[in-house]
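A.B. asks: Each chain, letter by letter, is given below.
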Amino acid sequence: DTAVSQTPKYLVTQMGNDKSIKCEQNLGHDTMYWYKQDSKKFLKIMFSYNNKELIINETVPNRFSPKSPDKAHLNLHINSLELGDSAVYFCASAQGPWNEQYFGPGTRLTVT
Amino acid sequence: DQQVKQNSPSLSVQEGRISILNCDYTNSMFDYFLWYKKYPAEGPTFLISISSIKDKNEDGRFTVFLNKSAKHLSLHIVPSQPGDSAVYFCAASALQGAQKLVFGQGTRLTINP
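Line order of the protein sequences matches chains Z and X. The first sequence begins at 182 in the working numbering and counts up one residue at a time. The second sequence begins at 23 in the working numbering and counts up one residue at a time.
Among these hints, one or two may not hold up.
[Stated by the list, open to error] Computed footprint of chain X on chain Z, listed as stretches where at least three residues anywhere in the stretch have a Cβ under 8 Å from a Cβ of chain X:
| id | region |
| --- | --- |
| 1 | 211-225 |
| 2 | 278-290 |
[What the hints assert, rightly or not] Computed beta-carbon distance windows for the label pairs:
| id | chain 1 | residue 1 | chain 2 | residue 2 | range |
| --- | --- | --- | --- | --- | --- |
| 3 | X | Ser32 | Z | Trp279 | 30 to 38 Å |
| 4 | Z | Leu264 | X | Gly105 | 35 to 43 Å |
| 5 | Z | His254 | X | Glu64 | 16 to 24 Å |
[What the hints assert, rightly or not] Below, simulated DSS-like cross-link-like pairs (lysine-lysine); rule was C-alpha separation at most 30 Å, straight line:
| id | chain 1 | residue 1 | chain 2 | residue 2 |
| --- | --- | --- | --- | --- |
| 6 | Z | Lys222 | X | Lys78 |
| 7 | X | Lys122 | Z | Lys222 |
| 8 | Z | Lys217 | X | Lys93 |
| 9 | Z | Lys221 | X | Lys122 |
| 10 | X | Lys90 | Z | Lys217 |
| 11 | X | Lys122 | Z | Lys225 |
| 12 | X | Lys122 | Z | Lys203 |
| 13 | X | Lys27 | Z | Lys190 |
| 14 | X | Lys122 | Z | Lys248 |
| 15 | X | Lys27 | Z | Lys222 |
| 16 | Z | Lys221 | X | Lys93 |
| 17 | Z | Lys200 | Z | Lys221 |
| 18 | Z | Lys252 | Z | Lys233 |
It is worth saying that the hints were derived from the structure and are not from the lab. Here the structure is a predicted model, which is why all the values come from computation and not from measurement. Every residue, glycine too, gets a C-beta built ideally from N, C-alpha and C.
So that you can see chain Z by itself, here it is in the shape it has in the complex (with noise of 0.2 Å):
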């Protein structure tokens, strides 16, 4: 039983298109975030809800856009694709705000 999931796992599509990640959590959690792993590995959060609502929004061009359905799930819809888009991008679920966090599998995004 997967805990946190993403979809699609790979994503390659070209500049200028707009792409969806979805995420999805079956552990009950009320707190998801996204993060993106860069060129260089760092992970840096992008964006949490908590209960829905957003708590942390990052510095993140507003061409990235979250979007939580419910407390399940948390999307991530990019606009416009750029070069500089490419990366690992994470989803991840916590309990709370203050809790650990259980991450998903990874979406590898390619722009070119």
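Could you slot chain X onto chain Z? The hints should help.
C.D. replies: Leaving out everything else, chain X in the frame of chain Z:
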């Protein structure tokens, strides 16, 4: 601005010996620290954590030590096993306010038989 640094990109240890992974931080507001382990093509997995009110936390073969004055923490794995071969990330956060985990860039640990 790298607030959490893991200065060793890789470490090679013989099976059965002790593995010591190091992490330094610069932000004095950090008071909660975690270690994550990551296998290829998987997400990071939580390993162990420590809050700033402690200087040591142990869980089986894993022990994390925190030296607040030096802004340094380390993860000890003993004895090291082949399955411990992975990338280890150190992360830190401030318990006040919304929890943002700040990660180091990881250390690749290889356990040699």
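A.B. asks: If a hint holds in the structure, say so; if it doesn't, say that too.
C.D. replies: Structure-based check of each hint:
For the region 211-225 of chain Z, the proposed coverage by chain X is satisfied: 5 residues have a C-beta within less than 8 Å of a C-beta in that chain, meeting the threshold of three. Given a C-beta distance limit of less than 8 Å, the hint that chain X covers the region 278-290 of chain Z holds, as 9 residues qualify and 3 suffice. A beta carbon spacing of about 32 Å between Ser32/X and Trp279/Z agrees with the range 30 to 38 Å that was offered as a hint. Taking 35 to 43 Å as the suggested C-beta distance range, the pair Leu264/Z and Gly105/X conforms, at roughly 37 Å.
Under the hint 16 to 24 Å, the C-beta atoms of His254/Z and Glu64/X, about 21 Å apart, fit the expected range. For a cut-off of 30 Å, the pair hint linking Lys222/Z to Lys78/X stands: about 28 Å separates their Cα positions. For a cut-off of 30 Å, the pair hint linking Lys122/X to Lys222/Z stands: about 18 Å separates their Cα positions. The straight-line distance between the Cα atoms of Lys217/Z and Lys93/X is roughly 26 Å, inside the 30 Å bound, and the hint therefore holds.
Distance check on the hinted pair: Lys221/Z and Lys122/X sit about 20 Å apart at the alpha-carbon level, within 30 Å; holds. Distance hint between Lys90/X and Lys217/Z is fulfilled; the C-alpha atoms sit about 28 Å from each other, no more than 30 Å. Of the pairs offered as hints, the one joining Lys122/X and Lys225/Z holds, with about 9 Å between alpha carbons and a cut-off of 30 Å not exceeded. Annotation: proposed proximity of Lys122/X to Lys203/Z holds, straight-line Cα distance about 21 Å (limit 30 Å).
Restraint check for Lys27/X and Lys190/Z: satisfied, since their Cα atoms lie roughly 28 Å apart, inside the 30 Å limit. At roughly 19 Å between alpha-carbon atoms, Lys122/X and Lys248/Z fall within 30 Å of each other, so this suggested pair holds. Distance restraint check for Lys27/X and Lys222/Z: the Cα-Cα separation of roughly 12 Å lies within the 30 Å cut-off, and the hinted pair is therefore satisfied. For the proposed pair Lys221/Z and Lys93/X, the alpha carbon gap of about 23 Å is at most 30 Å, so the pair holds.
A threshold of 30 Å between alpha carbons decides the hint, and for Lys200/Z with Lys221/Z the separation of about 23 Å falls inside it, so the pair holds. A hinted pair counts as satisfied when its Cα atoms are at most 30 Å apart, and Lys252/Z with Lys233/Z qualifies at roughly 6 Å.
Checked against the numbered hints above, the structure violates none of them.
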